[in-house]
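Novice: Just so you know, the protein sequences line up as chains G and Z, in that order.
Mapping to this note's numbering: the first sequence position 110 is 110, numbers consecutive.
If you want this note's numbering, it's the position in the second sequence, counting the first as 1, plus 313.
In case anyone wonders, no lab produced these hints; they're calculated from the structure.
Incorrect hints may appear among the rest.
Listed next, the stretches of chain Z that the computed footprint assigns to chain G, with coverage defined by at least 3 CB atoms under 8 Å from CB atoms of chain G [stated by the list, open to error]:
1. 323-329
2. 393-406
3. 435-444
4. 453-467
5. 509-516
6. 551-558
Computed list of chain Z residues with no C-beta within reach of chain G, every gap over 10 Å [to be verified]:
7. Phe-369
8. Val-386
9. Asp-529
Bear in mind that the values here come from a model prediction, so they are computed numbers and not experimental data.
All C-beta atoms, glycine included, are put in the ideal place defined by N, C-alpha and C.
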Amino acid sequence: MTATQTATRPPRTGRPHARPNPRGGGDRGTLLLLLPALVPVLLFSVGPLLYGIYLSLTDARGGRNAVISFVGLKNFGDVLADGDFWSSFKIGLIWAVGVTVLQFLAALGLALLLNQNLRLRGLARVLAMAPWAMPPIVIGLMWRLVYHPNAGILNATLQNLHLLDHNVDWLNDFGTALPAIIVVGVWTGMPQTTVVLLAGLQGVPKELHEAAAVDGASVWRRFWNVTLPQLRPVIVTITSLDFVWNINQFAMVYALTQGGPGGRTRLPMLFAYEEAFRYGFFGYAAALGVAITLVVLVVLGFYLWGRMRESAR
Amino acid sequence: MRRSLKYLALLGYLVFLAFPLLWLLSTAFKTPREMANLHPRWIPHHPTLRNFSDAFAAQDLTGSAARSLIVAVSVAVLTVVIALPAAYALARRRSVLNRIAIGWVLVSQVFPVVLIVIPLFIILRRLELVNTLPGLILVHITFVLPFALWMLQGYVRGVPRELEEAAAVDGAGRVKTLVSVVAPLLAPGVVAALLFAFISSWNEFFFALVILKDPDKATLPLTLVKFTGAEQAARLGPLAAASLLATIPSLIFFAIIQRRLRAGLTAGAVKG
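Just chain G, same shape as in the assembly (with noise of 0.2 Å):
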């Protein structure tokens, strides 16, 4: 599987030409293997999905045999009248835009790098592996190892830098706790990125560039005006993927932070888990999700423009 080939547009599906299968068996034999896969994916996802937004339009509560009762549009209205609502989509949005513009730059930066004929290549391949594998909870105790205020490793080194003249407790501190995440959130996704963007970068194709050299253009604006164009689907790809799935990150920031201090670092995921488990508003918490997934449906949306114009080029 050609990487970049199919990166830009969605896989065929079957031959031009299938033959039907020589053995018959029909469209029923095919449901029937199918049908273990339905199950759960119906059972599971796509009837909770259907209920989850049923469950927004009522009050319902997290006990057993609570009676629920539709209440039309009442959740939204609180939604948005809620301040905790907003400071946490405030700051989910802070996360998100902000991991995601960093991944980008940092994996982009990377990707050039591992793009060309420089020792250490192997091993940062290596390295970047990591992040994609670990648990992600494993991820958050990580980080809170290299944050601890008096056992850590960045207050230490910072100190015999003279960078600072005391220990600072930054997952704990107001200003610092939110920008403290941002990083790990940075490293944890940096990989895939870097993956997707260096299949893309060789996937330009070389004349482009021999062609752009001979005409005298500088290494600088061949990389604006021949690479960066040839990468914009995979750009937008990547960048849409991370966005939403840095919405969706929860389980990282739940070991580094849990929302702490103060919501300071309480991204919507958090906010609406909490509703829910802490404090029993399914009915709420479901149409935070809501609101959640509409969100990440415009970013999807922008995600599908994109590739739909690539695809019409």
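Chain G is fixed; fit chain Z onto it per the hints.
Specialist: Below, chain Z alone, put in the same frame as chain G:
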């Protein structure tokens, strides 16, 4: 000069990527006394394995590791058992279903987990599956399935249909063809799907947090997080050791299948 700048930049990346990992490693081998020291050092003074034995001795950790193993193995096996026939059907028969399935794979990558978790919880509660491992296994299967299906389908399409036809001409029955001709060729794909499902389930936290309320039922990620509740420096060593141990299965399996995941990621830009 330009070349040395590039190396400097690459070095910066290496440091950024490596230092948290090295610090985790270093912390895992430190004595409680050294952890209490106000001047943390990279190289442990008196490297010790006690943190690891402490981590093993902590009943809740070994118990939850065993439960994680049960869940992850069940998820891996059941996912492949369910996905294989479906992948075969999708790869061999061109139909609308095919498109729907592929679309679902993409949608599943950006699925609004927050929205789904509450109804899922209610459904599981009605089925008396809250606070049970089978409940968690079912949920994990559901969310691992789309990508596993996608992977396997690619492998099935790699098996030339002519092989099957040849076997049929030679008089092999349908089942025999599948078992003795197709299955061996699919083995690498099956292994990849197994490992992918295992890693996903082993690493998963959010659904486990919601579904498993009872500490006696907690999986490894849940227990690890609880470990941090008591933030005394003395507990950090065993925590680091346990975190390392929890990462090893994922790292090994990931190393085996990373090429495949990369291809998958770049092909459909689907998360691995």
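Novice: Next, verify each hint and record whether it holds.
Specialist: Now the hints, each set against the structure:
With a threshold of 8 Å between beta carbons, the proposed coverage of the region 323-329 of chain Z by chain G holds, since 5 of its residues qualify and at least three are required. Counting residues of the region 393-406 of chain Z whose beta carbon lies closer than 8 Å to any beta carbon of chain G gives 11, which reaches the threshold of three, so the coverage claim holds. Coverage of the region 435-444 of chain Z by chain G holds [criterion: at least 3 residues with CB-CB distance below 8 Å; count 3]. A count of 7 residues in the region 453-467 of chain Z with a Cβ less than 8 Å from any Cβ of chain G is obtained; the coverage claim is therefore met, three being the minimum.
Here's how the region 509-516 of chain Z fares: 3 of its residues keep a CB closer than 8 Å to some CB of chain G, so the rule of at least three is met and the hint holds. Counting residues of the region 551-558 of chain Z whose CB lies closer than 8 Å to any CB of chain G gives 3, which reaches the minimum of 3, so the coverage claim holds. For Z/Phe-369, the requirement that its beta carbon stay farther than 10 Å from each beta carbon of chain G is met, with the minimum near 17 Å. For Z/Val-386, the shortest C-beta to C-beta distance to chain G comes to about 16 Å, beyond the 10 Å cut-off, and the non-interface label holds.
Residue-level check passed: Z/Asp-529 sits 19 Å from the nearest beta carbon of chain G, beyond 10 Å.
The structure is consistent with each of the numbered hints, conforming to all of them.
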